[in-house]
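Novice: For chain A, the structure is supplied; the task is to place chain B on it using the hints.
As given, the protein sequences belong to chains A and B, one line each in that order. To convert, note that position 58 of the first sequence is 57 in numbering that gives the first Met the number 0; the numbers rise steadily by one, no gaps. To convert, note that position 12 of the second sequence is 11 in numbering that gives the first Met the number 0; the numbers rise steadily by one, no gaps.
The set of hints was computed from the structure by calculation and includes no laboratory data. Heads up, some of the hints might be wrong.
[As the list claims (entries may be wrong)] Result set (DSS-like, lysine-lysine): computed pairs, CA atoms no more than 27 Å apart in a straight line:
{"#": "1", "chain 1": "A", "residue 1": "K78", "chain 2": "B", "residue 2": "K35"}
{"#": "2", "chain 1": "A", "residue 1": "K78", "chain 2": "A", "residue 2": "K52"}
{"#": "3", "chain 1": "A", "residue 1": "K74", "chain 2": "B", "residue 2": "K17"}
{"#": "4", "chain 1": "B", "residue 1": "K71", "chain 2": "A", "residue 2": "K52"}
{"#": "5", "chain 1": "B", "residue 1": "K71", "chain 2": "B", "residue 2": "K35"}
{"#": "6", "chain 1": "B", "residue 1": "K35", "chain 2": "A", "residue 2": "K5"}
{"#": "7", "chain 1": "A", "residue 1": "K11", "chain 2": "B", "residue 2": "K71"}
{"#": "8", "chain 1": "A", "residue 1": "K86", "chain 2": "A", "residue 2": "K198"}
{"#": "9", "chain 1": "A", "residue 1": "K157", "chain 2": "A", "residue 2": "K52"}
{"#": "10", "chain 1": "A", "residue 1": "K11", "chain 2": "B", "residue 2": "K35"}
{"#": "11", "chain 1": "B", "residue 1": "K15", "chain 2": "B", "residue 2": "K27"}
{"#": "12", "chain 1": "B", "residue 1": "K35", "chain 2": "A", "residue 2": "K227"}
Remember, predicted model here, so these are calculated numbers, not experimental data.
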Amino acid sequence: MQKLNKFPLCYKDSTVNQVDLDAYQNYKWLTSEAINFFFEYIMNEQYQDLQGKIYLMNPSCYQVILFEDDFEDLKDSVKRINLQQYKYIISPVNDSTECWSVGSGNHWALLVFIVDEKQFIYFDSSSGFIKNASILASKLMAIITNNESYMNKNLDIKVNENTPKQRNSYDCGMYAISIAELIVQVIQQNQGQNILNNKIYNDTITPEYITQKRQIIRSIILALLDQK
Amino acid sequence: MTDQNANANSEYLNLKVKSQEGEEIFFKIKKTTQFKKLMDAYCQRAQVNAHNVRFLFDGDRILESHTPADLKMESGDEIDVVVEQVGGSF
Numbered sequence: 000m001q002k003l004n005k006f007p008l009c010y011k012d013s014t015v016n017q018v019d020l021d022a023y024q025n026y027k028w029l030t031s032e033a034i035n036f037f038f039e040y041i042m043n044e045q046y047q048d049l050q051g052k053i054y055l056m057n058p059s060c061y062q063v064i065l066f067e068d069d070f071e072d073l074k075d076s077v078k079r080i081n082l083q084q085y086k087y088i089i090s091p092v093n094d095s096t097e098c099w100s101v102g103s104g105n106h107w108a109l110l111v112f113i114v115d116e117k118q119f120i121y122f123d124s125s126s127g128f129i130k131n132a133s134i135l136a137s138k139l140m141a142i143i144t145n146n147e148s149y150m151n152k153n154l155d156i157k158v159n160e161n162t163p164k165q166r167n168s169y170d171c172g173m174y175a176i177s178i179a180e181l182i183v184q185v186i187q188q189n190q191g192q193n194i195l196n197n198k199i200y201n202d203t204i205t206p207e208y209i210t211q212k213r214q215i216i217r218s219i220i221l222a223l224l225d226q227k
Numbered sequence: 000m001t002d003q004n005a006n007a008n009s010e011y012l013n014l015k016v017k018s019q020e021g022e023e024i025f026f027k028i029k030k031t032t033q034f035k036k037l038m039d040a041y042c043q044r045a046q047v048n049a050h051n052v053r054f055l056f057d058g059d060r061i062l063e064s065h066t067p068a069d070l071k072m073e074s075g076d077e078i079d080v081v082v083e084q085v086g087g088s089f
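For reference, chain A alone in the conformation it holds in the complex (with noise of 0.2 Å):
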């Protein structure tokens, strides 16, 4: 109980409350904020030699490009971020069209930018596809390229089939995750070609590892938080 008035754990550009935690518990949805965590967390604990070269996209950030209609503003609202500097984008995305409703959103999904080729990947653990990812690649591509042409451009989206397909009604942000983390360990391994090599992803991402890695996220908060 002690716990509870350590929250919010404040980890770089996360702000974890109880509710986050919580999020990794079995049979839990994930939150934005958890996700955002976990994020910050591999890419400064593990990964922090591909920093530049890799973007493991905010949620929120994710929503404020997902919601802005105005190519100006919209270039201004991700400025500090600076994406252009970026060999791959890789975000998630949620179903929700909602852009005021707290806690709106069914599923998440990834998207990953492979910004040298243009080409957009799309992985998803259950069989169907979320508009927004077009809505985002487009909006992407407007700000990469600085040119708002693309803004409502319908662009081509590779949709990876073959990703690990969750077996349940509450892992898919768990998998979008874990996708992530094995796509930025696939980079860092120069295998960049092997994005969609789905042996990679299948042979790993079980349901047993995604139980298992639940644990391991919340642990990491937990000892994250007993330092304070």
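Specialist: Chain B alone, transformed into the frame defined by chain A:
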């Protein structure tokens, strides 16, 4: 809202907080005041729980302990505020 006597050394800034619905609320804040004060005031006015919202300045997360001076903010700068999203199912 601009103070006619405002200059680069002015102690106060006028900042605009913009929700994703497009609603804009202006706040006057001291350069050295922690953002927690602005955030609490915003949450009260917008009737949202502080745990459920995030404040961003040009894509950078604003933390409660930051001050406008920390982020080198100027009068007229805009803050984006977004609300929590969740997901789990198909």
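Novice: Checking against the hints above, which ones are violated?
Specialist: The structure conflicts with no hint, since it agrees with every one listed earlier.
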